[in-house]
Amino acid sequence: MIINQLSVFVENQPGKLAEVLGVLHSHGINIRAMSVGDTADFGILRIVVNEPEKVQQVLRGAGFTVRITPVLCIMLSDQPGGLFEYVNKLSLAGINIEYFYAFAANSTEKHARVVLKVDNLSLAERLISGKSESADPYQEAEGTTPNFYW
Amino acid sequence: MNTYWNKPAETMEREDMSALQTGRLKEIVARLYRQQPFYRSKMQEIGLLPEDIVTLADIQKLPFVYKQDMRDNYPYGLFAAPMSEIIRVHASSGTTGRPTVVGYTKRDIGIWSEVAARSLVAAGLSKQSCIQIAYGYGLFTGGLGIHYGAELLGASVIPISSGNTARQIMLMKDFGTTALACTPSYALYIAETMREMGVDPRETSLRTGIFGAEPWTERMRKEIESQLGIKAMDIYGLSEIIGPGVAIECSVQDGLHISEDHFYPEIINPVTGEVLPDGEKGELVLTTLTKEGMPMLRYRTRDLSVLQREKCACGRTLVRMSKVLGRSDDMLIIRGVNVFPSQVENVLLSISNTTPHYQLIVERKDNLDHLTVLVELTEEMFTDEVRGLEVLEAKIKGELSSTLSVSAAVRLVGPKTIERSEGKAKRVIDKREL
Chain A
18 MIINQLSVFV ENQPGKLAEV LGVLHSHGIN IRAMSVGDTA DFGILRIVVN EPEKVQQVLR
78 GAGFTVRITP VLCIMLSDQP GGLFEYVNKL SLAGINIEYF YAFAANSTEK HARVVLKVDN
138 LSLAERLISG KSESADPYQE AEGTTPNFYW
Chain B
2 MNTYWNKPAE TMEREDMSAL QTGRLKEIVA RLYRQQPFYR SKMQEIGLLP EDIVTLADIQ
62 KLPFVYKQDM RDNYPYGLFA APMSEIIRVH ASSGTTGRPT VVGYTKRDIG IWSEVAARSL
122 VAAGLSKQSC IQIAYGYGLF TGGLGIHYGA ELLGASVIPI SSGNTARQIM LMKDFGTTAL
182 ACTPSYALYI AETMREMGVD PRETSLRTGI FGAEPWTERM RKEIESQLGI KAMDIYGLSE
242 IIGPGVAIEC SVQDGLHISE DHFYPEIINP VTGEVLPDGE KGELVLTTLT KEGMPMLRYR
302 TRDLSVLQRE KCACGRTLVR MSKVLGRSDD MLIIRGVNVF PSQVENVLLS ISNTTPHYQL
362 IVERKDNLDH LTVLVELTEE MFTDEVRGLE VLEAKIKGEL SSTLSVSAAV RLVGPKTIER
422 SEGKAKRVID KREL
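Chains A and B supply the protein sequences, listed in that same order.
Just so you know, we're using our numbering here: the first sequence kicks off at 18 and counts up by one.
Just so you know, we're using our numbering here: the second sequence kicks off at 2 and counts up by one.
These aren't lab readings, by the way, just hints derived from the structure by calculation.
All values derive from a computational prediction rather than experimental measurement.
Honestly, I wouldn't trust all of these hints.
Claimed, not checked - Derived pair list, reagent style BS3-like, types lysine-lysine, alpha-carbon separation capped at 27 Å:
| hint | chain 1 | residue 1 | chain 2 | residue 2 |
| --- | --- | --- | --- | --- |
| 1 | B | K396 | B | K432 |
| 2 | B | K223 | B | K312 |
| 3 | A | K71 | B | K417 |
| 4 | B | K324 | B | K232 |
| 5 | B | K396 | B | K282 |
| 6 | B | K62 | B | K27 |
| 7 | B | K128 | B | K8 |
| 8 | B | K432 | A | K33 |
| 9 | A | K33 | B | K427 |
| 10 | B | K432 | B | K8 |
| 11 | B | K427 | B | K417 |
| 12 | B | K107 | A | K33 |
| 13 | A | K33 | B | K398 |
| 14 | B | K43 | B | K62 |
| 15 | A | K33 | B | K396 |
| 16 | B | K128 | B | K107 |
Bound conformation, chain A alone (with noise of 0.2 Å):
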């Protein structure tokens, strides 16, 4: 399914990604998946919370630069070739992946999540969901974003 991340700039210096993890901590939000893209001088947090816009607009009010990024989040059976799956399918379609990280796990689970940033975002959705094997025109239906991801 797609899903709503939230990219956040943050310099790459000492206490700048407490500070975004502390604006989180006061309001009660809680991160179910999360990874830092870096460079000598800068990361980019993207995270996965409930509610993304209302945490936009909390961290925008805290003085961060903030995105809504649409990515694409598999869940995977926890075993062996889970993933290879997927990616071989999206690989042979010709998708390429920009980056992926996994979601935090639950106890009460028996699957793996994972998140995707594709260049393809709708084809890649509909490979994973298996409602198509090949690249025909889509129109994304509207709502189809949840908004909640527990």
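Could you slot chain B onto chain A? The hints should help.
Showing chain B alone in chain A's frame:
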């Protein structure tokens, strides 16, 4: 030992100098009123006629000319001679991509060579000197200005231009260079490179440095003199007036002698425009008394200085200006290149359609100026991918370098991280100890 290139001009009695200047001023004002639309309309605006200029003090009746006037009349609007008479054009970088353009007639090039030759002699050079010119050649006036002066003097000229430091040092040794002309910061860089290469400057023939095109302090002079074992002389000039050679230090090193038979100096209060008496610090305003191609009446140099008119121990009577003490605007001089914060603003505006907060940090590392531009990331500029931001950084860096003509490092920073004073970001942090 007092030697002059042009003793009558350089040791003229004050009365004679004033008479000469008055005559030349009247002439050039009349000529510009007759022939030059820009100056005529400026004079007409305030109801001034050439006949109103009777004494030297009447120069104060003339309006000022600003760098902006050159941009507004780009490229040739301030020229006072037909293009058929212009034999050379130089240009410097401009804040909005438009350079400021200057033009010289054959006679102007002669005057420039003359004042440059005077400068070299005052700085201790002669026909016997072998001068390595490591100022840039090309549109920049530094290289060619000194070049023509040195040739007129009859010195041996090595027109090496700037850069390729190892080769500079090799030729300096092999060719027996006795004088080096470059920016003071480049001189220090050469000294450092010599140390790294294991070359002892004292074992070379180098004795004199002709340094200018950027502000430098007495401390820096001491540093250069001790590292290179030479005498470091300050030369002043700006392309709008003619180029290097407007003023030069003599062996006394107590101020720079202005070739005032060609360039009439005033010191003004930069805020009120009022002319200040000798000995008071203010903005240097220069009037070219003899130029044909692009004369300047009361040009605001934005350089802060002090004038003194007592006869110098070197024998010269030419008025002296102090070493430049700073700027009356926000212009920075980085590696000899003029940089305005507004240029950075224009580049950022063209890239992101918004004007992000930014800050220029200038540092001197290894005796070379380094410019870093901090840019507060706006939501419009932000992308989710590291690569996207790196591309943005590289794009800003590329456009800055081509607009400023000097390379700049770019660092993206978070919103509101640049220090504000009265709500406005502090635009420039100059960490160079000048």
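For each hint, the structure was consulted:
no.	hint	in the structure
1	B/K396 / B/K432	26 Å, holds
2	B/K223 / B/K312	25 Å, holds
3	A/K71 / B/K417	21 Å, holds
4	B/K324 / B/K232	16 Å, holds
5	B/K396 / B/K282	42 Å, violated
6	B/K62 / B/K27	12 Å, holds
7	B/K128 / B/K8	16 Å, holds
8	B/K432 / A/K33	25 Å, holds
9	A/K33 / B/K427	22 Å, holds
10	B/K432 / B/K8	42 Å, violated
11	B/K427 / B/K417	12 Å, holds
12	B/K107 / A/K33	62 Å, violated
13	A/K33 / B/K398	24 Å, holds
14	B/K43 / B/K62	12 Å, holds
15	A/K33 / B/K396	25 Å, holds
16	B/K128 / B/K107	24 Å, holds
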